[in-house]
Every structure is written in C-alpha cells, then in structure tokens.
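Chemist: Listed below, chain by chain, are the residues.
Number of protein chains: 2
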Amino acid sequence: MSQVLPVDAIQGMDKFFKMHLINSLSGIKSPCLIGTKSHRGINNLALFNSVIHLGAAPPLMGFMLRPLTVPRHTYHNILAHRHFTINHVTEEIYRKAHQTSANYPEQVSEFEACELTPHFSDQIIAPYVAESPLKIGLQLEETHAIQANGNTFVVGRIIEVIYPDQVVDDNGHIDLSELSAMGVCGLEDYYTLEKKERLPYARP
Amino acid sequence: MSQVLPVDAIQGMDKFFKMHLINSLSGIKSPCLIGTKSHRGINNLALFNSVIHLGAAPPLMGFMLRPLTVPRHTYHNILAHRHFTINHVTEEIYRKAHQTSANYPEQVSEFEACELTPHFSDQIIAPYVAESPLKIGLQLEETHAIQANGNTFVVGRIIEVIYPDQVVDDNGHIDLSELSAMGVCGLEDYYTLEKKERLPYARP
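Chains as they are written, first to last, in this note's numbering: chain A, -13 to 190; chain B, -13 to 190.
Among the hints, erroneous ones may be present.
Which copy? The list can't say, so a pair holds if one copy fits it or any two copies do.
Claimed, not checked - Dumping the calculated DSS-like pairs for lysine-lysine here, alpha-carbon to alpha-carbon at most 25 Å:
{"no.": "1", "residue 1": "182", "residue 2": "82"}
{"no.": "2", "residue 1": "182", "residue 2": "4"}
{"no.": "3", "residue 1": "181", "residue 2": "4"}
These are calculated hints, taken from the structure and not from any lab test.
Chain A extracted, bound-state conformation (with noise of 0.2 Å):
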C-alpha cells in the first residue's frame, strides 16, 4: 500500500513524524565533520550531512547551515578565519562523530569531549580530525542566504586534499567500501556501503 501525503497531511502530522520524514527525504549522505578554530582558538567540530560537490575546476564544495537564530559556531568560526575542514567519517569514528552534534558550550572544544584528536597542516588553520583517513581543507568563498528558512549555504574552495594511497584508483576515482565510509539517513541511522558497480559515461 503506498501512502500519498499532499502538503495539507504534512503540515498536519505529529511534530517528531514529521521532522523524521522530511529529514530522511533527501536519502543517504556523506556524514562529515566540519573542523574550525574559533576566535579564541578553540578546535570546534561539528557533523553535517549536506556536504555536496560543486564542480572541478575550480574545485568547489558547499554544505548548508541552519538558521542563524542561535549562535552556529562552526559559522561564526569561518567567517573568523575564512578556513574549514571536512573530514570523512567511517566505521571506526561515526559513533564519536554523532556524539560532536550534541550542544556544547562554545569554550568546550568537541575533539575533547568526543575522544578525536586535531591534526593540522601548513594550509590550514582549521584542524582536521586526524582519525578520519580523507580530510579536505577549503577556503571560504562565498555564502547564500536562503530566503524561505534562514539557512546558509556555504561555498568552499578546496586548497588541500589527505587520502591513503589505497583508496584512490589510477583514475581518480575514491573506494568508499574501502575507505569503511558510513552513510546517513535523516539525523540517525548510520548504514554501510557496498560497491556494486561502476556504470560507463552514458550516451544516447
């Protein structure tokens, strides 16, 4: 039996059923800690979902940012230094992962508080989180509000990419089954990933 919800039933709907669903809507994302330094260098890390690519040349990725209602940290640290880190979570660290999106006070740094160590290059004055094994430092590059909920999308352009050599094939290409990178639903439910097939470049 397939369920039809016209706007009307969702506006309608329990408050929790309602944000489950929505949320899940958008199917499995990249779980990502984003890594900032405050301005009074504490190493902030926070877990997004909405990390997407944005092109290659140049090499731009973008992640949004919900309303700007209440102080957002990893936000206000961006602006401060204009660098962010994003960093991939896998089997071994997802569970401290979703441990960093619990609210603590801005002077508490989560890589304390959740068992994670920064790790920093010459690049970037963000930390990395040197447990994840694909790190990517960016440069702040341009923000959009979004007028019909107060998020902000921000744009990024990549200056600095970490992977282990063994995951990366001769094309370019990334192994997420070998990286043990996790996907998420909605706030929640982590899965694992199986490589099932690479389909060719499609024509007509």
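Based on the hints, put chain B in the right spot on chain A.
Modeler: Coordinates of chain B only, in the frame set by chain A:
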C-alpha cells in the same frame, strides 16, 4: 601511505583524474531522478546526486545545477511550470536511471529512451517515475547563482510525498535498505546500503 595534495598539485593533475577525485570527495549521495515537463509538453528526466534536505518547517529540499552556458532542460522546465519531482533510485532501476544522464535532444523524452514510466498526480504538473517507490513533488521556491563557477542552487518546497507504507516506521524514519535505495559516489560508482545502527539524539 597518505597523499597530501595541496591546491597547486590538484590544479596540475590529469583532467580526468582530477574530475573523478574531486567528484568523489563529497562521498556517498542519493542518485535522484528529477522529473519536469517542458514548455512543449515533453516529459523530461535527469539524474542528480546533489539533492539535500533544507528544513522541515517549511518542508524544503534543494539541488545543484551545472552552469547555464548550455541549455539545461531541467532548469528551463522548472522555470516554465514551477513544478518538479524527485524520485529515488533503487536497485531495480539504477541502470535505467544512469542512462538518463546521456545527452538526449530536447524533443526526446528520457522516459521513453530509458524505458521508465511517467506517473501523474493532480497536485503536480511534472511527471513522477512510476518505478520509483519514493516520490516527492515540489514547487520552485527560489534559486541562487553560485558566483564562483556559474552553478545554480535550486530550492523547492515539498507539496506531496508518495511512499510505500512498509518503508516508513511509526516515528517517520525511512528504511533505505527496505527501499533497496542505491547510493552513488562521483558520477559512476553505485553502492548498496545496509542499515547499521540508529544512534539517539546526542547530549553533552
């Protein structure tokens, strides 16, 4: 051994290696078929892997379109009718879904070319994909021009959701394994998903 690629090394890489690597850096995504109707009434389908959740109140989703330096049927059709559909891709249809990414001329419907079936509701003028078990109907809300590379970020408001009863639990969570939903990394690598664990809302 880890590779550390600073931006200069990235810029100097082989074009295809760079494209595959950068495309893969955002990790696992949901391949989604976006359905639209052209101003001439052709039912259009295109594959996107940048669909993200924006918020539950109002219920919003967004996706990224490549630069408008060539005609983008999906974009023009959304502007023409202000409606589009997002249809999830399962193990049963991912090869057909991938084939919609071929460069068909405007007068050809990808539904016919790729042997998928249009399905209509009275809420949305754009076609759904009958073979997709999880379908979302949206109305155009706003667009954002990404200055850095000429992409367009499209925001839609959810006005209808269609799903099979058995994949949504009492709390509104969608089970992607039960749905046989596929994941994709980059443009070519397809993954199957296995539910691992639901983690509770995190508290300090």
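Chemist: Could you work out which earlier hints the structure fails to respect and list their numbers in ascending sequence?
Modeler: none
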